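A.B. asks: Assemble the whole structure, with the sequences as input and the hints as a guide.
Chains as they are written, first to last, in this note's numbering: chain A, 1 to 248; chain B, 1 to 157.
Rather than coming from a laboratory, the hints here were simulated on the basis of the structure. Since the structure is predicted, the reported quantities are computational estimates derived from the model, not experimental observations. Do not take every clue at face value.
Here are the computed distance ranges between Cβ atoms for each label pair [as the list claims (entries may be wrong)]:
# : chain 1 : residue 1 : chain 2 : residue 2 : range
1 : B       : PRO45     : A       : TYR159    : 34 to 42 angstroms
2 : B       : ARG48     : A       : ARG184    : 28 to 36 angstroms
3 : A       : PRO88     : B       : TYR56     : 51 to 59 angstroms
4 : A       : TRP38     : B       : PRO45     : 20 to 28 angstroms
5 : B       : ALA64     : A       : ALA79     : 26 to 34 angstroms
6 : B       : TYR56     : A       : VAL165    : 52 to 60 angstroms
DMTMM-like mimics (lysine to aspartate or glutamate), calculated; alpha carbons at most 20 angstroms apart, straight line [what the hints assert, rightly or not]:
#  : chain 1 : residue 1 : chain 2 : residue 2
7  : A       : LYS84     : B       : GLU66
8  : A       : LYS26     : B       : ASP21
9  : A       : LYS177    : A       : GLU161
10 : A       : LYS84     : B       : GLU44
11 : A       : LYS150    : A       : GLU83
12 : B       : LYS118    : B       : GLU106
13 : B       : LYS118    : B       : GLU129
14 : B       : LYS130    : B       : GLU114
15 : B       : LYS118    : B       : GLU128
16 : A       : LYS84     : B       : ASP51
17 : A       : LYS113    : A       : GLU58
18 : A       : LYS158    : A       : GLU173
19 : A       : LYS26     : B       : ASP19
20 : A       : LYS84     : A       : GLU71
Ideal Cβ positions, reconstructed from N, Cα and C, are used throughout, including at glycine.
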Amino acid sequence: MNLSFFSHIFLAELEVGHHLYWHLGKFTVHGQVLITSWIAIALILTVVVLGTRQLQREPAGLQNFVEYALEFVQGIARAQIGEKNFRPWVPYVGTLFLFIFVSNWMGNLFPWKLIPLPEGELASPTNDINTTAGLALLTSGMYFVAGISKRGLGYFRKYIEPTPVLLPINVLEDFTKPLSLSFRLFGNILAEELVIAVLVLLVPLFIPVPVMILFLFTGAIQALIFSTLSAAYIGEALEGHGGGEHHD
Amino acid sequence: MLFQILLAAEVAEKGGLFDFDATLPLIAIQFLLLVAVLNALFYEPVTRTMDSRSDYIRTTQAEAQERLDKVMALTRQYETEISQARLKAQQLIAEAEAAAARIRSEKLAVVQAELQGKLETARIQLEEEKQAALSQLQQQVDEIAAQILQKLLGSAR
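C.D. replies: Rendered as C-alpha cells:
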C-alpha cells in the first residue's frame, strides 16, 4: 500500500479543504459553511423563541432553560469584565458562546454525511477558518470599541505603557489575539472531525464512540474558551492596560 | 506529510484549509445580526424578567422581614407587660400581707393590753383583799390576845 494510494483514499473520504463554492457577483463563498451556520442560527432562534414566548415570574418549561443559558453566559461576562461593566457585553459574549457551542455540537451530533453535496461536505461551521477568523476579528473590533468608548483616544496610551520600549510587543498583541482565537477554534474543531473520520475509516463501529463523547466535551470547552477570552480582552480594554491608574 | 500533499493539491486547484473568501465578512455580518436579534428576543426580555423577579423577591422578603420585626416587637411589648403585671401582683400581695400582719399585731397588742389591765386590776384587788384579810386577822389576833390576857389576868386575881 503506497502513500499516494493512502492519501487518495483520505482525500476521497475526508474531503478536507473542499468547499461548495457559491458565486455572489465577483465574490465566492463557502456554501456548506453558510448552510450549517444558518441551521445553527435557526436552532438557537427556535429554542429562544419557544423559551421566551410567555415569560413569567414563576418560570415553567423551556423558560427555565433559556434563563439557565442566560445566567451561564452572564457568568462568563461577569467573571471576565467585572460586575460594573459587564451588562452591555452580555449579548456579544453570550451569542459567541451559544453560536460556537451549537455549531460544535451540531458538527458532532448530526450525521451530515447522509446529506451529499456536489462538492465538499456539511460539517460544523466552526471547522472553517472563515467562520473562526470572522468571529475573532469581530472580537478584536469589539475590544477596540470597548476601550475607545470607555476612555476615548486615551485608550491608545496602553501601547506605551508601562514603557514605550514595549510598543512593538503591545502592537503585536493586537495581531496575535485574533490569530490565536481563530486558529485555536478552527484547529480544534477540524482536528476533531479529522480524528473521528480517520477512526471511523479504520474501525467503523463502537471504537470511535468514546472519542466522539470526548469531542462533545472539547467542543463545549472550545466555545467556553472563545467566549471567555473575548470577554477577557474586552474587560482588559475597559479596565486599562496593566490596571494602573484607572481603578476608581 | 499527508497534509502537505493535500495542501499542495488544494492550492493548485483552488480551495484548501486556509481559503479566505467572502464567507468571512458574511459570517461576521450574520453573527452581528444574530447578536442584535438575540438581544431583542432573548437577552433584553429574559434579563428584564429575571430582574423583576429578583426585585419581587427582594421586596417580598423585606416585607416579610418587616412583619417579622413587628411581631418580635409586639412579643417583646407583651412580655414586658406581662412581667410588669406580675411585678404589680407581687407588690399587691406583699402589701396585703403587710397590712394583714399589721392588723394582726395591732389587735394582738390591744388584746394583750386589755389582758394586762385585767390582770393588773385582779392583782390589785387581790392585794386589797389580802390587806383587808390581814388587818382583820390582826384585829382578831389582837382581840383574842386581849381576851387571853384578861382571862389570864382575871384568874390570877
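A.B. asks: Hint by hint, say whether it matches the structure.
C.D. replies: Quick rundown of the hints versus the structure:
1. The given range of 34 to 42 angstroms is respected by PRO45/B and TYR159/A, whose C-beta atoms sit roughly 40 angstroms from each other.
2. The hinted range of 28 to 36 angstroms is satisfied by ARG48/B and ARG184/A, whose Cβ atoms lie roughly 35 angstroms apart.
3. Between PRO88/A and TYR56/B the CB atoms are about 24 angstroms apart, so this pair departs from the stated range of 51 to 59 angstroms.
4. Look at TRP38/A against PRO45/B: about 24 angstroms separates their beta carbons, and that is inside 20 to 28 angstroms.
5. Checked against the hint of 26 to 34 angstroms, the C-beta distance between ALA64/B and ALA79/A comes to roughly 32 angstroms, which is consistent with it.
6. The hinted window of 52 to 60 angstroms between TYR56/B and VAL165/A holds, with their beta carbons roughly 56 angstroms apart.
7. As the CA atoms of LYS84/A and GLU66/B are separated by approximately 30 angstroms, the hinted pair breaks the 20 angstroms bound.
8. Between LYS26/A and ASP21/B the CA atoms are separated by roughly 11 angstroms; this keeps the pair inside 20 angstroms, and the hint holds.
9. Among the hinted pairs, LYS177/A with GLU161/A is consistent with the structure: their alpha-carbon atoms are about 18 angstroms apart, no more than 20 angstroms.
10. Pair hint LYS84/A plus GLU44/B holds up; C-alpha atoms about 18 angstroms apart against a cutoff of 20 angstroms.
11. Taking the CA atoms of LYS150/A and GLU83/A, the gap is near 15 angstroms; set against the 20 angstroms cutoff, the hint holds.
12. Simply put, LYS118/B and GLU106/B have alpha-carbon atoms about 18 angstroms apart, close enough for the 20 angstroms limit, and the pair holds.
13. A threshold of 20 angstroms between alpha carbons decides the hint, and for LYS118/B with GLU129/B the separation of about 16 angstroms falls inside it, so the pair holds.
14. For the suggested pair LYS130/B and GLU114/B, the alpha carbons sit about 24 angstroms apart, so the restraint of at most 20 angstroms is broken.
15. Straight-line distance between C-alpha atoms of LYS118/B and GLU128/B comes to about 15 angstroms, which keeps the hinted pair within the 20 angstroms bound.
16. Of the pairs offered as hints, the one joining LYS84/A and ASP51/B holds, with about 16 angstroms between alpha carbons and a cut-off of 20 angstroms not exceeded.
17. The hinted pair formed by LYS113/A and GLU58/A fails the criterion: a straight-line CA distance of about 43 angstroms is larger than 20 angstroms.
18. Straight-line distance between C-alpha atoms of LYS158/A and GLU173/A comes to about 12 angstroms, which keeps the hinted pair within the 20 angstroms bound.
19. For the proposed pair LYS26/A and ASP19/B, the alpha carbon gap of about 16 angstroms is at most 20 angstroms, so the pair holds.
20. With a C-alpha separation of about 16 angstroms, the suggested pairing of LYS84/A with GLU71/A holds against the 20 angstroms cut-off.
The earlier numbered hints that this structure contradicts are 3, 7, 14, 17.
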